Amino acid sequence: MPIPQAQLILKDLVLAQHRFLYGLDRTPDERLDWSPGEARKSPLQVAGTLAQFLNFIAHTLASQEMPSWDVDSLPSPVTRDAAKEAVATACAALRRAVEGLEPADLTRKPPPPWSEETLEEVLWQINGTILYHQGQLNYLQLCYGDRDPNIPPNWGEG
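Numbering follows the numbering used here, in which position 2 of the sequence shown is assigned residue number 2; successive positions increment by one, without gaps.
No lab work stands behind these hints, which were simulated from the structure alone. Bear in mind the structure is a predicted one, so any value in this text is a computation, not a measurement. Among the clues, some could well be false.
[To be verified] Straight-line Cα separation of at most 30 Å, DSS-like style, residue types lysine-lysine; simulated pairs:
#, residue 1, residue 2
1, K11, K109
2, K11, K84
3, K41, K11
4, K41, K84
[Claimed, not checked] The calculated label-pair distances, taken between Cβ atoms and stated as ranges, are:
#, residue 1, residue 2, range
5, G145, P103, 24 to 34 Å
6, P103, L74, 17 to 27 Å
7, A88, G128, 16 to 26 Å
8, S68, R147, 17 to 27 Å
9, V78, I3, 20 to 30 Å
10, Q5, P28, 36 to 46 Å
11, S63, P36, 15 to 25 Å
By construction, the Cβ of each residue, glycine as well, lies at the ideal position given by its N, Cα and C atoms.
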């Protein structure tokens, strides 16, 4: 059983994962690799970046050290299925890392860039990271005319 401080975070992680993947499913095939400008990310790139950041956080929580890879240098998924798998796998890794925390872990200070915060404070940033990427996906959808916020039916129930 996860520590009490982790239970809400784990619940929010499931909800956020479900919503992001639902939004990715609602993206038309011809828009998956589309971007409104050269410097902007496509929905597939947003999914890849989300997976990379979640893996970054999971590694940091589990190993108590920063990953040795450069987040921006990793390739983006090239298909919807690959993007969904990358996000689901990263969420699973993050879930395992959070579930493995002990009460004493919450007061330790993680490595930079979070060295001034406690691990408990870092946990609350997980939802913000996913919501940031959800907002990017929703904005891309809005750019091509999809005004639906793409919230899954029955989202948050049960």
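Evaluation of the provided hints:
no. : hint                    : verdict
1   : K11 - K109              : holds, 24 Å
2   : K11 - K84               : holds, 19 Å
3   : K41 - K11               : holds, 28 Å
4   : K41 - K84               : holds, 16 Å
5   : G145 - P103: 24 to 34 Å : violated, 49 Å
6   : P103 - L74: 17 to 27 Å  : violated, 33 Å
7   : A88 - G128: 16 to 26 Å  : holds, 20 Å
8   : S68 - R147: 17 to 27 Å  : violated, 42 Å
9   : V78 - I3: 20 to 30 Å    : violated, 38 Å
10  : Q5 - P28: 36 to 46 Å    : holds, 40 Å
11  : S63 - P36: 15 to 25 Å   : violated, 37 Å
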